[in-house]
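Undergrad: Next come the chains, spelled out residue by residue.
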Amino acid sequence: MGRVRRPSRYTGGEWNETVKESAEARIALAYPDVYEVGMSNLGLRILYEIINDDERFAAERVFYPWTDMHDEMVETGLALLSLESRRPIADFDVLGISLQSELTYSNIIGLLDIAGIPRRAKDRSASDPLVVAGGPGSFNPEPLSPFFDCFVIGEAETAVIELMDIVADGRRQGSEKTYLLERLAALEGIYVPALTANPGVYPLRRPDGSELKVKKRLMTDFESTPVPRAPVVPYLETIHDRCVIEVTRGCGRGCRFCQAGMVYRPVRERQAKTIVEAARHQAQATGYNDISLASLSTTDHTQVETILEGLGDLPEALVRSISLPSMRTDVFSVGLAKTIAGRKKTGLTFAPEAGTARLRAVINKGITEEDILCAAQEAFSAGWERLKLYFMIGLPTETDDDVIGIADLTEKILARAEDILPRGRAKRLKLAVSVSTFIPKPHTPFQWSGAIPMAEIIRRQSLLKERLPKKRVDFKWHEAGSSLLEAALARGDARLADAIERAHDLGAEFDGWSDKFSLDTWRRAFAHVDLDLDQAASKELRPGEALPWDHIDSGVDQEWLRQEYEEALRGAETPDCRFGTCSDCGVCGGGVKLELAKRDNR
Amino acid sequence: MKYRVRFTKGEAVRWLSHLDLSRAWNRVFVRSGLPLRYSEGFSPHPKIAFGPALALGVGGQAEYMDVALTEELGIDTVIAALNQSAPRGLEVRAGTTLPEGIKVKSLAALVTTADYRFTVPLESQDRLEEALTEAEITDKKVGDHTVSVTVRVPIRFKPLAAISDQQADIRVPWRGARVDRLGLWVNVNGRMLDPIDWVRGLVDKEL
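Respectively, the protein sequence lines represent chains A and B.
If you're matching positions, the first sequence starts at 14 in the numbering used here and goes up one per residue.
If you're matching positions, the second sequence starts at 80 in the numbering used here and goes up one per residue.
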């Protein structure tokens with residue numbers, strides 16, 4: 014321990030950790046990145062508590078060891094252990110891996126290796142752990158399909174208990190693995206790659222020849238879906254080191270690039286009262302007195318003012334700060350931010366995403382330049398001196414005018430500040446302009462579109478560097494290489510599994526960490542299996558052609574996505590179904606419906 | 080009201096840095112419901128002050144902290160509330176209220192001397208004693224495979240200060256050494272008092 018950095022990544026024993034002596038079935042919940050990143054994941058917090066609340070089952074945690082620990086483990090032959098009971102991961106009944114980003118895929122191979130578990134599902138027997146995936150990555154499981162026994166598609170709160178039930182049952186009866194997989198495949202929302210007649214050929218078919226469709230899991234009664242009461246409290250400072258209360262699931266804005274906004278439909282809000290009570294409970298149980306209200310667009314919650322008032326009425330010892338990690342860019346939201354900011358105004362984030370009104374209509378962002386300027390003006394007059402602005406380059410139909418539009422908009426915001434602020438304050442102003450590259454994601458209207466090629470990413474970034482005002486602007490951009498890899502993996506099919514495995518063997522690890530990432534390694538890995546990474550990232554798909562994720566049913570109609578793509582190319586906007594008319598995306602029906610906390614919304 | 084308490088940094092939390100430890104105590108206070116006093120100013124922080132920092136990897140059997148609360152509570156109530164909310168390895172063993180109306184020196188300013196115990200494999204014994212030539216060896220125990228040496232050193236004694244800052248800086252080149260701090264002392268004219276006894280002496284006007 015004395016030889017590795019931050020040893021408390023590996024020691025466990027934190028407050029609220031659950032250690033169970035005996036259980037009918039044990040699951041190791043894994044996050045294929047380092048402890049501080051994994052411990053911030055809300056999904057794992059939720060599942061850890063739901064599973065451990067069931068007296069029959071035990072959930073423990075494991076994260077990917079940092080390179081120094083990894084080297085030690087390889088050198089000394091130390092097995093990968095869970096944090097709770099310090100059991101070897103290979104001794105668990107289930108290993109559940111969270112898929113949050115394509116840039117953790119090479120670590121998944123590494124995780125299986127150091128756990129001593131065969132990489133491929135077909136090489137594992139009933140005595141090996143069942144290796145299960147969940148999280149947003151499951152919406153295109155194909156690139157990882159040979160490595161997993163099954164994928165949980167969508168919201169796993171109830172599915173995970175059903176899965177544990179089947180595993181415990183199988184253990185009692187000494188079931189064959191095939192029988193176990195058949196029972197799992199019968200559950201809603203579970204995809205078992207081994208039970209397909211034509212792996213790697215799309216559309217996938219069941220052994221009986223019928224077309225495979227796996228419908229996503231969804232919590233229809235979100236109000237009663239448990240909010241973590243007592244999450245584990247890390248000693249190390251993690252990325253989201255605070256209470257996190259999920260206020261809304263799903264988003265109705267319909268931004269056409271946003272996968273979460275499509276696959277977690279429909280919008281379901283929790284009641285203000287439930288949220289405030291959950292926050293009080295979690296603060297008392299953890300000792301965190303910073304509260305973050307999580308969702309895809311928190312200021313859209315129909316009772317957001319009531320929530321903030323309620324939190325404001327809690328004892329100051331429990332609520333010292335409140336944060337709204339995702340807020341809409343408008344005066345209303347800035348007004349809310351003002352009420353919770355207190356005296357110290359650290360920073361405010363706006364996400365116009367695109368620089369011109371034309372392109373914002375294409376992506377269905379639904380905010381005008383005047384919205385942005387007024388929101389900024391409101392923020393400046395309320396005392397903020399730092400604004401963060403998020404944009405994307407490479408969006409479908411983007412021209413140089415749109416790229417330059419980002420610089421122009423930034424300039425207009427600065428000019429607005431100079432108009433209204435006294436000279437002294439205007440001088441202190443800082444705009445952090447953060448520009449990422451658009452990555453087409455499955456189950457979105459832009460799934461058919463390609464990412465822009467490497468040279469183009471770099472050219473547009475330089476164009477921005479040239480055009481953005483130098484004074485008072487901090488320009489940050491995403492590395493072109495890792496964006497390209499993300500794009501290549503996101504829409505990939507089962508052929509990519511070999512490339513992922515190869516990349517790991519060539520040394521790819523921690524691809525999300527820019528000092529560890531090597532595009533060259535990945536290009537070689539793709540080439541090894543006769544694929545071209547750059548082409549995979551940029552390929553345009555024809556509407557109508559079979560997609561590798563056609564068997565995953567997010568509830569949103571493919572036909573609606575195609576319409577949205579066409580509307581996008583025409584620059585036509587689609588209203589948010591919460592406030593405007595329903596555009597019939599297909600997700601509602603059969604018990605699934607929009608659930609707003611307040612009926613007569615704004 | 081201000082309090083001084085003695086606590087352990089036990090096995091389960093040995094690998095925390097000083098910063099991690101202080102954050103962990105902040106959370107213990109919030110969970111305990113004790114009315115912490117916060118500082119004034121732009122970013123208020125709880126009024127908790129520790130003794131000399133303990134390095135990551137070094138355990139502590141008698142560490143100290145001073146804390147200010149907004150209400151007057153009995154020391155036993157404070158200790159019980161903290162222990163109910165403290166994670167494994169952190170345990171409050173004793174405490175005292177600090178007298179009001181008298182300026183009580185901070186732990187950092189007060190503590191002059193520390194006891195450390197080094198436990199190393201037997202074969203490293205010579206090198207250990209060599210490295211500790213300037214320290215006062217108060218106790219030595221030889222087991223089957225290890226030797227335990229307890230030393231008393233001035234807190235700002237250079238080579239050992241390095242130990243308490245960062246274990247990696249230890250001048251003794253061995254692996255697998257285990258370092259624990261057994262106690263902190265206030266030197267009052269040659270008499271060694273622990274920081275809680277020192278407060279009692281202050282109150283009884285002995286000092």
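If you are wondering where the hints come from, they were derived from the structure by calculation, not from laboratory data.
Glycine residues also receive a C-beta, built at the ideal position from the N, C-alpha and C atoms.
Treat the hints with care, since some could be wrong.
From the structure, some residues in chain B lie toward chain A, with a derived Cβ separation under 8 Å [stated by the list, open to error]:
hint, residue
1, Ala91
2, Trp94
3, Asp99
4, Arg110
5, Leu115
6, Pro131
7, Ala134
8, Gly136
9, Arg167
10, Gly168
11, Val171
12, Arg231
13, Val232
Here are a few chain A residues that sit away from chain B, every Cβ distance over 12 Å (derived from the structure) [unchecked claim]:
hint, residue
14, Thr24
15, Asp104
16, Pro131
17, Arg137
18, Glu250
19, Asp254
20, Glu329
21, Arg333
22, Thr359
23, Glu469
24, Leu476
Restraint-style ranges between C-beta atoms, simulated for each label pair [stated by the list, open to error]:
hint, chain 1, residue 1, chain 2, residue 2, range
25, B, Val282, A, Lys440, 51 to 61 Å
26, B, Ala188, A, Ala243, 37 to 47 Å
27, B, Asn266, A, Asp487, 20 to 30 Å
28, B, Leu98, A, Gly603, 48 to 58 Å
29, A, Ile433, B, Ala187, 40 to 50 Å
30, A, Gly599, B, Ala159, 32 to 42 Å
31, B, Leu98, A, Thr80, 14 to 24 Å
32, A, Asp81, B, Leu152, 42 to 52 Å
33, B, Lys81, A, Lys440, 18 to 28 Å
34, B, Glu170, A, Pro220, 54 to 64 Å
35, B, Tyr117, A, Lys552, 55 to 65 Å
Undergrad: Against each hint, give a clear statement of whether it holds in the structure.
TA: Hint-by-hint comparison with the structure:
1. Ala91: holds (4 Å)
2. Trp94: holds (4 Å)
3. Asp99: Check passed: Cβ of B:Asp99 comes within 4 Å of chain A, closer than 8 Å.
4. Arg110: holds (4 Å)
5. Leu115: holds (7 Å)
6. Pro131: Not OK, violated: B:Pro131 not within 8 Å of chain A, min 20 Å.
7. Ala134: Violated. Min distance 10 Å.
8. Gly136: holds (5 Å)
9. Arg167: holds (5 Å)
10. Gly168: holds (7 Å)
11. Val171: Check failed: Cβ of B:Val171 comes no nearer than 15 Å to chain A, outside 8 Å.
12. Arg231: violated (24 Å)
13. Val232: violated (21 Å)
14. Thr24: violated (5 Å)
15. Asp104: At roughly 23 Å from the nearest Cβ of chain B, A:Asp104 sits farther out than 12 Å, so the non-interface label holds.
16. Pro131: holds (32 Å)
17. Arg137: Since the minimum Cβ distance to chain B is about 34 Å, A:Arg137 lies beyond 12 Å and the statement holds.
18. Glu250: Violated, because the least Cβ-Cβ distance between A:Glu250 and chain B comes to about 7 Å, which does not exceed 12 Å.
19. Asp254: violated (8 Å)
20. Glu329: A:Glu329 not clear of chain B: closest Cβ-Cβ about 9 Å, inside 12 Å.
21. Arg333: violated (8 Å)
22. Thr359: A:Thr359 not clear of chain B: closest Cβ-Cβ about 10 Å, inside 12 Å.
23. Glu469: holds (44 Å)
24. Leu476: Consistent with the label, A:Leu476 stays out of reach of chain B, its closest Cβ about 39 Å off (over 12 Å).
25. B:Val282 / A:Lys440: 51 to 61 Å: holds (55 Å)
26. B:Ala188 / A:Ala243: 37 to 47 Å: holds (39 Å)
27. B:Asn266 / A:Asp487: 20 to 30 Å: Violated - the Cβ-Cβ distance for B:Asn266 and A:Asp487, about 52 Å, lies outside 20 to 30 Å.
28. B:Leu98 / A:Gly603: 48 to 58 Å: holds (52 Å)
29. A:Ile433 / B:Ala187: 40 to 50 Å: With Cβ atoms ~47 Å apart, the hint holds.
30. A:Gly599 / B:Ala159: 32 to 42 Å: violated (58 Å)
31. B:Leu98 / A:Thr80: 14 to 24 Å: Because 23 Å falls inside the window, the suggested range holds.
32. A:Asp81 / B:Leu152: 42 to 52 Å: holds (45 Å)
33. B:Lys81 / A:Lys440: 18 to 28 Å: 43 Å Cβ-Cβ, so the 18 to 28 Å window is violated.
34. B:Glu170 / A:Pro220: 54 to 64 Å: With a Cβ separation near 59 Å, B:Glu170 and A:Pro220 satisfy 54 to 64 Å, so the hint holds.
35. B:Tyr117 / A:Lys552: 55 to 65 Å: Since B:Tyr117 and A:Lys552 have Cβ atoms about 57 Å apart, the given range 55 to 65 Å holds.
Checked against the numbered hints above, the structure violates hints 6, 7, 11, 12, 13, 14, 18, 19, 20, 21, 22, 27, 30, 33; every other hint is satisfied.
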